[in-house]
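> Listed below, chain by chain, are the residues.
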Amino acid sequence: MKMSTVVRTTTKMVSPFLVTYAAYLMLYGHMSPGGGFQGGVILAVAVILLITSHGYAKVRRKFHFNWASLIESSAGVLLVLLGLTGVAFGAFYANFLPTEGGIILPFNVIVGLEVGAAFTFVFYILLRWVESD
Amino acid sequence: MLPLMVASPLLTAFLIVLLDVLHAGKRAVQALFIAGAILPIPVAWLSGGGSEIVGGWPREAGIEVALTEVNTPFIVGELVLFTFVSIYSLQYFSFRDKKTPKVLALLLLVHTGLLGAFIARDFFNFYIYMEIASVSAFALVALSKESSAKRAAFKYLMLSLLASYMFIFSLGLIYMETGYLNAELASRTAVPSRELGAAIAIATASLLLKAGIFPLHSWLPDAHSRAPTPVSALLSGAVVKAPAYGMVLLFSSLPVGETLRTVLMGTAVASVFFGIGMALLQRDAKRLLAYHTVSQMGYVLLGIASLNFVGAAYYAMAHSIFKGGLFLAVGSISTKSRELGEFGYKNESVIAVSVLMLSLAIGGVSPFVGAYAKGLVSSGLSDGWKLAVLLGTIGTLISFTKLNYYLMRGQSPSLLPAWKLSSFGLALAAFLAGLLLGTGINLKDALNIAIAVISFAILKRTGLLEKRVRLSSGDVGKEINVLVAVFVAAVVLLLSLQ
Numbered sequence: 527m528k529m530s531t532v533v534r535t536t537t538k539m540v541s542p543f544l545v546t547y548a549a550y551l552m553l554y555g556h557m558s559p560g561g562g563f564q565g566g567v568i569l570a571v572a573v574i575l576l577i578t579s580h581g582y583a584k585v586r587r588k589f590h591f592n593w594a595s596l597i598e599s600s601a602g603v604l605l606v607l608l609g610l611t612g613v614a615f616g617a618f619y620a621n622f623l624p625t626e627g628g629i630i631l632p633f634n635v636i637v638g639l640e641v642g643a644a645f646t647f648v649f650y651i652l653l654r655w656v657e658s659d
Numbered sequence: 012m013l014p015l016m017v018a019s020p021l022l023t024a025f026l027i028v029l030l031d032v033l034h035a036g037k038r039a040v041q042a043l044f045i046a047g048a049i050l051p052i053p054v055a056w057l058s059g060g061g062s063e064i065v066g067g068w069p070r071e072a073g074i075e076v077a078l079t080e081v082n083t084p085f086i087v088g089e090l091v092l093f094t095f096v097s098i099y100s101l102q103y104f105s106f107r108d109k110k111t112p113k114v115l116a117l118l119l120l121v122h123t124g125l126l127g128a129f130i131a132r133d134f135f136n137f138y139i140y141m142e143i144a145s146v147s148a149f150a151l152v153a154l155s156k157e158s159s160a161k162r163a164a165f166k167y168l169m170l171s172l173l174a175s176y177m178f179i180f181s182l183g184l185i186y187m188e189t190g191y192l193n194a195e196l197a198s199r200t201a202v203p204s205r206e207l208g209a210a211i212a213i214a215t216a217s218l219l220l221k222a223g224i225f226p227l228h229s230w231l232p233d234a235h236s237r238a239p240t241p242v243s244a245l246l247s248g249a250v251v252k253a254p255a256y257g258m259v260l261l262f263s264s265l266p267v268g269e270t271l272r273t274v275l276m277g278t279a280v281a282s283v284f285f286g287i288g289m290a291l292l293q294r295d296a297k298r299l300l301a302y303h304t305v306s307q308m309g310y311v312l313l314g315i316a317s318l319n320f321v322g323a324a325y326y327a328m329a330h331s332i333f334k335g336g337l338f339l340a341v342g343s344i345s346t347k348s349r350e351l352g353e354f355g356y357k358n359e360s361v362i363a364v365s366v367l368m369l370s371l372a373i374g375g376v377s378p379f380v381g382a383y384a385k386g387l388v389s390s391g392l393s394d395g396w397k398l399a400v401l402l403g404t405i406g407t408l409i410s411f412t413k414l415n416y417y418l419m420r421g422q423s424p425s426l427l428p429a430w431k432l433s434s435f436g437l438a439l440a441a442f443l444a445g446l447l448l449g450t451g452i453n454l455k456d457a458l459n460i461a462i463a464v465i466s467f468a469i470l471k472r473t474g475l476l477e478k479r480v481r482l483s484s485g486d487v488g489k490e491i492n493v494l495v496a497v498f499v500a501a502v503v504l505l506l507s508l509q
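From first to last, the protein sequence lines stand for chains B and R. So the number in my numbering is just where the residue sits in the first sequence, counting from 1, plus 526. So the number in my numbering is just where the residue sits in the second sequence, counting from 1, plus 11.
Careful: at least some of the hints might be erroneous.
What the hints assert, rightly or not - Just the calculated beta-carbon pair ranges, DEER-fashion:
| id | chain 1 | residue 1 | chain 2 | residue 2 | range |
| --- | --- | --- | --- | --- | --- |
| 1 | R | Ile462 | B | Leu652 | 55 to 63 Å |
| 2 | B | Val545 | R | Leu447 | 54 to 62 Å |
| 3 | R | Lys347 | B | Arg654 | 31 to 39 Å |
| 4 | B | Leu596 | R | Arg70 | 35 to 43 Å |
| 5 | R | Ala429 | B | Leu596 | 26 to 34 Å |
| 6 | B | Phe622 | R | Arg70 | 17 to 25 Å |
| 7 | R | Ala150 | B | Leu596 | 18 to 26 Å |
| 8 | R | Leu57 | B | Leu607 | 19 to 27 Å |
For the record, the hints were derived by calculation from the structure and aren't laboratory data. From the three backbone atoms N, C-alpha and C, an ideal C-beta is built for every residue, glycine too.
Whenever a hint applies, use it, and build me the whole structure from the sequences.
Here is the structure:
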């Protein structure tokens with residue numbers, strides 16, 4: 527499935543901005559509207575846009591299925607480990623960072639990666655059924 | 012320390028998925044799986060009870076978790092059951108199938124969800140963990156190789172999710188009315204009002220569906236009998252207990268009307284007898300056990316509706332142990348065919364002893380744990396309801412006489428040692444738990460057994476047990492529509508009662 531040149535060029539230009547926006551949402555989620563989940567979803571949309579315009583086969587060469595799976599599962603592990611680190615400072619998910627927002631910043635980044643990878647992953651699996659190009 | 016009980020299986024579940032992506036060996040995955048299954052036990056032991064706020068936040072803002080008199084039996088039952096299920100699963104799911112590490116991770120997620128739901132003292136946190144357990148359960152049912160498993164999983168998914176949405180809606184109403192999601196803080200500010208009444212009615216109806224109580228049970232026999240054996244044991248033994256605990260949370264903290272409670276007690280008794288009646292008519296061994304879950308959950312609801320939460324909790328624990336054991340034992344000898352009369356435990360003495368012990372336990376015969384739990388549930392009831400419990404006990408015994416009658420005559424293929432070990436382990440647990448809780452030997456039980464055997468002989472003579480009942484039609488969509496209509500009717504009924 528391949529769309530017209532206009533669509534392909536536009537999505538190529540928009541995608542990097544989406545990734546930047548996703549990074550912004552994750553990094554400033556603790557001070558402004560946003561957060562990990564929203565950032566992650568936009569991160570996944572950047573990849574999904576490319577898949578719908580360029581086709582699954584081409585995108586898969588750059589963003590491997592296994593990478594998505596790897597990022598997703600390691601983000602899950604990191605999320606629990608972040609909570610476990612808090613145990614050393616008194617309680618599960620205790621706020622041990624002295625920075626503004628504390629552990630919310632790393633938490634948001636990890637959640638963003640988890641959600642982004644998981645959505646991409648789900649989209650890859652659904653596309654396996656839909657098309658086989 | 013308490014949140015670590017939930018964190019340890021969650022961490023190992025993610026680690027298993029990570030190792031699977033990295034193509035790690037079978038041994039590492041198995042070791043992690045066992046670690047995730049066992050670790051909550053020492054953590055629960057070390058934490059020593061009491062309540063705690065996650066992350067050290069103030070109580071109004073944080074999530075409270077606790078080990079109390081009421082939820083400890085739920086947790087003990089779950090931990091005992093999951094330990095044996097995990098031993099069983101290691102030999103059940105072979106690593107020749109590429110999906111096995113994912114299945115093990117999903118089992119650990121069910122474990123996480125159940126433990127998280129049982130330690131929650133907060134409505135929203137309870138909801139989240141119950142959902143983690145049920146979403147993993149949908150996937151596990153669908154993974155079965157049997158042809159109709161996908162349909163059963165789909166039906167389970169649609170109905171369970173519908174109930175979840177109704178439940179979260181009612182949590183919103185409770186938050187609006189009381190200003191808290193913490194069960195104890197909400198109970199302080201709760202005043203009876205129409206909105207709160209509506210919220211309680213909707214929440215109760217959706218939890219009844221998720222707990223598989225008659226007349227909202229119809230997804231349960233399909234899902235529980237079609238799933239792989241260890242998953243069936245976990246579903247029947249523990250997953251249906253999470254909504255029961257939700258009802259305990261709800262009823263212990265919010266004002267529930269007298270009429271609603273009486274109707275719920277009636278529903279509970281109807282569920283007990285309906286489950287037994289349908290079980291007597293089944294020819295599929297696992298389906299028979301699944302209908303007994305409908306019947307046994309009736310006793311748990313009877314305890315909750317009579318505000319006897321400790322009794323309900325102990326009944327839930329007892330049911331986790333014996334029903335899990337029955338599913339493991341019967342499931343392991345019925346790998347070829349599940350039709351009663353085509354298989355049995357004639358050549359497998361360990362399984363025979365376990366099934367007999369567990370049948371006595373589910374029938375409430377002393378000194379097994381079932382007798383203690385039944386005594387505790389009926390202690391808070393008036394005489395009329397006590398009679399219902401007694402009749403239910405005899406009905407259960409008749410049904411299990413039938414099961415053992417057929418199993419005694421058949422042969423089974425040779426079994427793996429872990430399968431026998433885990434079935435027998437749970438039978439032993441049912442016995443030891445009964446002894447530890449101080450159940451004496453009651454001679455009246457012999458009379459119950461005698462009545463049950465005689466009734467079974469009479470029923471067998473009349474030929475009533477040979478009839479086959481098929482209720483399911485061809486179209487799964489139509490079935491779901493009917494069930495949703497029943498659910499909506501139940502919601503409306505409870506709304507008008509509250």
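> Give a verdict on every hint.
Consistency of the hints with the structure:
1. Judged by the Cβ atoms, the range 55 to 63 Å given for isoleucine 462/R and leucine 652/B holds: they are separated by roughly 57 Å.
2. Against the hinted window of 54 to 62 Å, the Cβ-Cβ separation of valine 545/B and leucine 447/R comes to about 59 Å, which satisfies the hint.
3. The hinted range of 31 to 39 Å is satisfied by lysine 347/R and arginine 654/B, whose Cβ atoms lie roughly 34 Å apart.
4. Distance hint check: the CB atoms of leucine 596/B and arginine 70/R are about 39 Å apart, consistent with the given range 35 to 43 Å.
5. Remark: the range hint 26 to 34 Å for alanine 429/R to leucine 596/B is upheld by a beta-carbon distance near 32 Å.
6. Taken as a hint, the range 17 to 25 Å holds for the pair phenylalanine 622/B and arginine 70/R, whose Cβ atoms sit roughly 21 Å apart.
7. Distance hint check: the CB atoms of alanine 150/R and leucine 596/B are about 21 Å apart, consistent with the given range 18 to 26 Å.
8. The given range of 19 to 27 Å is respected by leucine 57/R and leucine 607/B, whose C-beta atoms sit roughly 20 Å from each other.
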